[in-house]
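Q: Sequence:
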Amino acid sequence: MKLYRFSPIQDQTSLLEAIKYTHFACYELCKQSFGSYLPNAGNMGIFCHYDEEYERLVAIRKELTEPSDDPNQKYFNLHEPIIITEQDGVPETTYTHLYIRKPDPYRHHVGDVDFYLEQQQYDELKQSLLDGKQIKCARVFPRNDLDMIELYNPDVDALGYVSTTTMTEKVRIKLSEETKL
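Under our numbering, think of the first position of the sequence shown as 205, with each following residue one higher.
Because the hints were derived from the structure by calculation, they are not lab data. It is possible that some hints are incorrect.
[Said to hold, decoys possible] Computed Cβ-Cβ distance ranges for the label pairs, DEER-style:
{"id": "1", "residue 1": "338", "residue 2": "256", "range": "40 to 46 Å"}
{"id": "2", "residue 1": "292", "residue 2": "337", "range": "25 to 31 Å"}
{"id": "3", "residue 1": "267", "residue 2": "338", "range": "30 to 36 Å"}
{"id": "4", "residue 1": "259", "residue 2": "284", "range": "21 to 27 Å"}
{"id": "5", "residue 1": "370", "residue 2": "240", "range": "20 to 26 Å"}
{"id": "6", "residue 1": "272", "residue 2": "218", "range": "32 to 38 Å"}
{"id": "7", "residue 1": "374", "residue 2": "273", "range": "31 to 37 Å"}
{"id": "8", "residue 1": "207", "residue 2": "369", "range": "15 to 21 Å"}
{"id": "9", "residue 1": "224", "residue 2": "270", "range": "30 to 36 Å"}
{"id": "10", "residue 1": "327", "residue 2": "254", "range": "36 to 42 Å"}
{"id": "11", "residue 1": "283", "residue 2": "344", "range": "20 to 26 Å"}
[Said to hold, decoys possible] Straight-line Cα separation of at most 27 Å, BS3-like style, residue types lysine-lysine; simulated pairs:
{"id": "12", "residue 1": "340", "residue 2": "266"}
{"id": "13", "residue 1": "235", "residue 2": "374"}
{"id": "14", "residue 1": "337", "residue 2": "235"}
{"id": "15", "residue 1": "266", "residue 2": "374"}
{"id": "16", "residue 1": "337", "residue 2": "306"}
{"id": "17", "residue 1": "224", "residue 2": "235"}
{"id": "18", "residue 1": "224", "residue 2": "306"}
{"id": "19", "residue 1": "306", "residue 2": "374"}
{"id": "20", "residue 1": "337", "residue 2": "266"}
{"id": "21", "residue 1": "235", "residue 2": "266"}
{"id": "22", "residue 1": "306", "residue 2": "266"}
{"id": "23", "residue 1": "340", "residue 2": "330"}
{"id": "24", "residue 1": "337", "residue 2": "224"}
{"id": "25", "residue 1": "266", "residue 2": "330"}
Glycine included, C-beta positions come from ideal geometry on N, C-alpha and C.
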């Protein structure tokens, strides 16, 4: 029995398939929660489930992205953005940053995508959730170092995150030891 939809990812072609899948799954989560699509921050994370897969995908990522001397770099700037064209109402999206996540036994997901709102809209959304408003498949992300709202669904093996433009740029660098590089 195969536990993970794509893992272990073996090559760049399979990585791109996982990216495309994650893209559409996260837009589905966004639509389920808000009834519409939020703007995309350009961050794409792919989760590994095996140590060898992680090593292989980091090597592929190094071919696709610009190097960084920052040991805390999490998302890497792609040489060529990954553009996923509009399909079934999901808008064309350009991904500029890629993150390969180390294996985590508590994450079965394929990957994640970051969406953003303007600061005031985000603050109002977050406060409504803190005040007890129920939004399908959305919750305040329970991490002290990240100010985000997590989009999830037990039937979808991807995660979406909503925050501000500032936070979507901050997450490109490891912010604390809670971050799994």
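Q: Next step is simple, just say for each hint if it's right about the structure.
A: Right, here's what the structure says about each hint:
| no. | hint | result |
| --- | --- | --- |
| 1 | 338 with 256: 40 to 46 Å | holds (41 Å) |
| 2 | 292 with 337: 25 to 31 Å | holds (29 Å) |
| 3 | 267 with 338: 30 to 36 Å | violated (44 Å) |
| 4 | 259 with 284: 21 to 27 Å | holds (23 Å) |
| 5 | 370 with 240: 20 to 26 Å | holds (22 Å) |
| 6 | 272 with 218: 32 to 38 Å | violated (24 Å) |
| 7 | 374 with 273: 31 to 37 Å | violated (19 Å) |
| 8 | 207 with 369: 15 to 21 Å | violated (35 Å) |
| 9 | 224 with 270: 30 to 36 Å | violated (22 Å) |
| 10 | 327 with 254: 36 to 42 Å | holds (39 Å) |
| 11 | 283 with 344: 20 to 26 Å | violated (35 Å) |
| 12 | 340 with 266 | violated (37 Å) |
| 13 | 235 with 374 | holds (25 Å) |
| 14 | 337 with 235 | holds (17 Å) |
| 15 | 266 with 374 | holds (21 Å) |
| 16 | 337 with 306 | violated (34 Å) |
| 17 | 224 with 235 | holds (17 Å) |
| 18 | 224 with 306 | holds (20 Å) |
| 19 | 306 with 374 | holds (19 Å) |
| 20 | 337 with 266 | violated (42 Å) |
| 21 | 235 with 266 | violated (33 Å) |
| 22 | 306 with 266 | holds (15 Å) |
| 23 | 340 with 330 | holds (14 Å) |
| 24 | 337 with 224 | violated (32 Å) |
| 25 | 266 with 330 | violated (36 Å) |
Violation of the numbered hints given earlier is confined to hints 3, 6, 7, 8, 9, 11, 12, 16, 20, 21, 24 and 25; the remaining hints are satisfied by the structure.
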